[in-house]
Amino acid sequence: MSQTVKMEARNLNFYYGSFRALEDVSLLFLEGQVTSLIGPSGCGKSTFIRCLNRMNDLIPGTRVEGALTLDGENVYDAKLDVVELRRRVGMVFQKPNPFPKSVFENVAYGLRVNGIKDKNYIAERVETSLKSAALWEEVKDRLHQSALGLSGGQQQRLCIARAMAVEPEILLMDEPCSALDPIATQKIEELIFELKATYTIIIVTHSMQQAARVSDMTAFFYMGRLIETDKTETLFTRPRNKQTEDYITGRFG
Amino acid sequence: MERLHLEKELGNLRLKALEMGSLTEKALSQALKSALERDGGLAETVLDGDTEINRLHCAIDESVLSILAREQPVARDLRFILGVGQMAANLERIGDQAVNIAERVILLSQRPALPHNPLMEELALHVQDMLRRCVGSFNSDDADMALQVCDMDSRADTLNMKILKHYVDFMIQESRAVERAVHLIIMARCLERVGDQCTNIAENVIFMIKGVDIRQTCRP
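Residue numbers (this note's numbering), protein chains in the order written: chain X, 8 to 260; chain H, 549 to 768.
One chain only, chain X, in its complex shape (with noise of 0.2 Å):
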């Protein structure tokens, strides 16, 4: 397992106009690692996750402070390109969304965005991309016809392909499987499980079966903090502060 710093924060707080609704958080994520944010709704983990590739900068009102690094570098640096960060550090929702658009095109977006033309490139891409996601035995016949028509599941895998197809080196997803049933959301996790041999995942989830299945670190936040942070194993049975125990044993408030 590398001990690589991929991405760090460091007293990072996040403010929705004079709400803060991050304090002080300070995190590193290893490279090559699987790790779960937990916590209520209202914890700050979903705005967290997005300031990571500065998803929040499209709110209006919002505002940043601390240190937030990738490969060292300041992510919130003011000469910092923000498309190539989002390259970067890729991003998969909820809810599927993919873009009503075929199958093959979905994939082919992120690319096409970044001014690849080379047409076998980019179906070499999609292909790559659809196989790591596990959808392309199930749509290889499919590839012209609108996304729309997939199953949940099956749109979901396809957006994780989609984020996939521009080569990031980070996937951030936020809730991935709460819209999906038992088995679709078994196949996403059997995928991150592939996925980790490539690229740094940070999940949010509000399963706390999920985060103890999937995940190498997790980190609990409640209002706003960071609470604990540890190995997945020792965090599930032995934490170290009450707040996380009572959480995670479903003793909460």
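Hints are computed from structural coordinates only; laboratory data are not their basis. Computed from a predicted model, the values in this text were never measured in an experiment. Even for Gly, the Cβ is constructed at its ideal location relative to N, Cα and C. There may be inaccurate statements among the hints.
What the hints assert, rightly or not - Derived CB-CB ranges, DEER-like:
#, chain 1, residue 1, chain 2, residue 2, range
1, H, A691, X, A74, 38 to 48 Å
2, H, D609, X, S158, 33 to 43 Å
3, H, L667, X, N248, 41 to 51 Å
4, X, E240, H, L695, 24 to 34 Å
Mind docking chain H on chain X? Use the hints.
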């Protein structure tokens, strides 16, 4: 968002474990009393009582499996459930040791008594104390008391070795008493094993409370 159902299940599991602890203490105490008083009738009671200890062991195993499958417990709940499962297995073996002792009493009570051995009495009181304390530490979530039990085990081992030596010497001089002396050596060995099982339980109690594994065999 209190998990009332899980709390209830854990409460029931705790009660079953305490009931099993209490029955095991009673079995060991009756077995030792029957030995001291050469009371074959009381020894028979120990044999009969073991059925209930075994039944509780099965019931605890069933509850443990069911809670694990349905509730997916974590952290202190997970440690508690696994710990109770291990504790029940150890209590069941202590119950078996009480039966072993009672079986020897039934045999020995029909034969002339051998001279009183204060070492045997000391070992009996010592392991009874260990059992009382390890069940007590579980009942009151007292890791310090559990640690005391672990420290008591070496005394049980020493007493067992002294008893063995005593009866080996005795057999050299009293060849007619060999069979009875062998039974007494086995009884001491049973008591020493009870000490080991109490230590296992105490180690488990520490794991349940602190999440730390203090077993010598698990240290690198």
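> Looking at the structure, which of the earlier hints fail to hold?
Replying inline: none
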